[in-house]
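Participant: Each chain is listed here by its residues.
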Amino acid sequence: MNILSGIFDWLTSADNWSGAGGIPQRMLEHLTYSVVALALAAVIALPLGLWIGHTGRLAFLVVNLSNAARALPTVGVLILAVALVGIGFTPVLLALVALAVPPILVNTYEGVRSVDPTVPAAAKGMGMRGPQILLRAEVPVALPAILLGLRTAAVQTISTATIAALVSLGGLGRFVFDGLARSEYDQVAGGAVLVAALAIAAEGLFTLLMITLVSPGVRRRST
Amino acid sequence: MWPAMITFEHVTKRYPDGTVAVEDLDLVCPTGQITVFVGPSGCGKTTSLRMINRLLEPTEGRILVDGNDVRERDASVLRRDMGYVIQQAGLFPHRTVLDNVATVPMLLGVSRKEARRSAAEQLERVGLVPELGKRYPYQLSGGQQQRVGVARALAADPPIMLMDEPFSAVDPVVRGDLQREFLRLQDDIGKTIVFVTHDVDEAVKLGDQIAVFATGGHLVQVDTPERLLAAPANEFVADFLGGDRGIRRLTFLASDRVGLDESDVVDSTVAPGLLEALGDAGRDWALLVGADRHAVGWVPTSGVPAAAAARPVERTFNPAADSLRVALDSALLSPAGRAVAVDDDGRVLGTAAHADILRAVTDEVARSQRVEAAS
Chain B
1 MNILSGIFDW
11 LTSADNWSGA
21 GGIPQRMLEH
31 LTYSVVALAL
41 AAVIALPLGL
51 WIGHTGRLAF
61 LVVNLSNAAR
71 ALPTVGVLIL
81 AVALVGIGFT
91 PVLLALVALA
101 VPPILVNTYE
111 GVRSVDPTVP
121 AAAKGMGMRG
131 PQILLRAEVP
141 VALPAILLGL
151 RTAAVQTIST
161 ATIAALVSLG
171 GLGRFVFDGL
181 ARSEYDQVAG
191 GAVLVAALAI
201 AAEGLFTLLM
211 ITLVSPGVRR
221 RST
Chain P
1 MWPAMITFEH
11 VTKRYPDGTV
21 AVEDLDLVCP
31 TGQITVFVGP
41 SGCGKTTSLR
51 MINRLLEPTE
61 GRILVDGNDV
71 RERDASVLRR
81 DMGYVIQQAG
91 LFPHRTVLDN
101 VATVPMLLGV
111 SRKEARRSAA
121 EQLERVGLVP
131 ELGKRYPYQL
141 SGGQQQRVGV
151 ARALAADPPI
161 MLMDEPFSAV
171 DPVVRGDLQR
181 EFLRLQDDIG
191 KTIVFVTHDV
201 DEAVKLGDQI
211 AVFATGGHLV
221 QVDTPERLLA
231 APANEFVADF
241 LGGDRGIRRL
251 TFLASDRVGL
261 DESDVVDSTV
271 APGLLEALGD
281 AGRDWALLVG
291 ADRHAVGWVP
301 TSGVPAAAAA
311 RPVERTFNPA
321 ADSLRVALDS
331 ALLSPAGRAV
341 AVDDDGRVLG
351 TAAHADILRA
361 VTDEVARSQR
371 VEAAS
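Heads up: the protein sequence lines correspond to chains B and P, in order. Read in my numbering, the first sequence has 27 at position 27, and its numbers run on one by one without any break. Read in my numbering, the second sequence has 359 at position 359, and its numbers run on one by one without any break.
FYI, nobody ran anything at the bench for these hints, they're computed from the structure. The beta-carbon is built from N, C-alpha and C at its ideal position, and this holds for glycine as well. Just to be clear, a hint being listed does not mean it is correct.
[Claimed, not checked] Label pairs and their computed distance ranges (CB to CB):
| hint | chain 1 | residue 1 | chain 2 | residue 2 | range |
| --- | --- | --- | --- | --- | --- |
| 1 | P | 33 | B | 40 | 44 to 52 Å |
| 2 | B | 118 | P | 190 | 22 to 30 Å |
| 3 | P | 132 | B | 193 | 30 to 38 Å |
| 4 | P | 40 | B | 118 | 17 to 25 Å |
| 5 | P | 14 | B | 118 | 20 to 28 Å |
[Stated by the list, open to error] So the derived list for chain P, only partly shown, Cβ under 7 Å to chain B, looks like this:
| hint | residue |
| --- | --- |
| 6 | 79 |
| 7 | 80 |
| 8 | 92 |
| 9 | 94 |
| 10 | 103 |
The shape of chain B in the complex, shown without the other chains (with noise of 0.2 Å):
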């Protein structure tokens, strides 16, 4: 009961809550971390994975080195960046990419390559260009596993950006590894909580977007 009343009154102390170092702008911090990381993963491995996924290539080579990069442990590729380019954002992204990039990109791939074959080749058959075939017919069927890996992705990158703190930088991790130099035990369970009520708030995002974006005939629930 002690550590439940202490995480509450130090999320509801104001001076928490303000000014720098406070709540609202390490949270922002870890906001910036993550976006940025899964928008530059979105960026490399949605192509790859529908380009993969359309034409069959490569696929045997991209899934195991996609395998092999999930078992990579992310402090241990924060450290190596840190040694190879010095203090600094670069390395916390690179971490994170090299985080998020495996799921959207097997994810992606599963996707469009376990669309029904008759669909593109209807689709071919009709008079459909090869992007449109992909955009048209295989992205949108594939849709709910793409929006997956993007949420695993997103969610992974959220919890794991608290690292960002081991190297000198802000972000909701400051709190937790501040916390535990201290010994302020409230403060490092206080922010991960945080950390928690982000990342759930990803997951609701993706969630709802899933619901907007995938049409019915996919879900295959009425409208």
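Assemble chain P onto chain B, guided by the hints.
Facilitator: Relative to chain B, chain P alone:
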């Protein structure tokens, strides 16, 4: 609409591994007719179809539509001028039925509103109610999905339709419905249709012309269904057509020359003496008709001509419209062994025994052979 004749000129499709899918195919698919490609699997029938809209390219030879090589046109543009229907329909799951049908007009640059309006017309044409247009493909039965597939292929009013086993994936009852409606539709639209099937009965039923392919991509025979059944080019075709070839030929023989007998057609006011006389003449049954001369049923000549005692007439034939196959079937299903002939309004014209029908078969076969010899 413009005429559209498809011509294969020495078309060969050979794969890099040396497999020959189609060998030196020469064939004309006439304008406004249904040409059926039939044969066992691996005979090159689907490959031949897919070369027409350039989903595959011939290794040698060329394919002409109205005298123009199909390779002169951009493949995607060419395909929009040819309706394409495949076995599993291949509907877009994310689009409503209406938007599925509107696909090709929209590719051709027609406005969404206009495309949807014509799509609704096509749905009606293939026998679907407009309300179905708002549904998604997963909410339709297999037969309905196939109809949408046909509507989608028709939507841009292409002069040519390419149909690759379009009715193979539905159950036999639905398939029969789809085939009948397809023929009715074709009467209306008169497209040049190439129809691929492995089902020889379907080929005989639908084709104006049937092209029989053998394994290895050889075209063995091109003929009308009737001539195909009457004179298969070789043993392969005969085997492929199957055992009931003779019986199936009856489908193409008219029943208008079957000799009819009215003496056993009676109504409820018949004099008992007449029934007795029929019985004495070896007729165990008389056909009871109502005041409107519609058949009520078969009644025994030994009893009273009451509707309650009548055995039903299971099938009748119309000499003006039906084949000898229907006439024979009508006779075989009757307790009296006699077929019941009716006119267009269902009024009884008379009855005919097995023997009368078989006599008509002999005459018709002889006649068709004379016609053939003369031509």
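Participant: Now look at each hint and say whether the structure bears it out.
Facilitator: A quick look at each hint next to the structure:
no., hint, result
1, P:33 / B:40: 44 to 52 Å, "violated (59 Å)"
2, B:118 / P:190: 22 to 30 Å, "holds (28 Å)"
3, P:132 / B:193: 30 to 38 Å, "violated (51 Å)"
4, P:40 / B:118: 17 to 25 Å, "holds (23 Å)"
5, P:14 / B:118: 20 to 28 Å, "holds (27 Å)"
6, 79, "holds (4 Å)"
7, 80, "holds (4 Å)"
8, 92, "holds (6 Å)"
9, 94, "holds (4 Å)"
10, 103, "holds (6 Å)"
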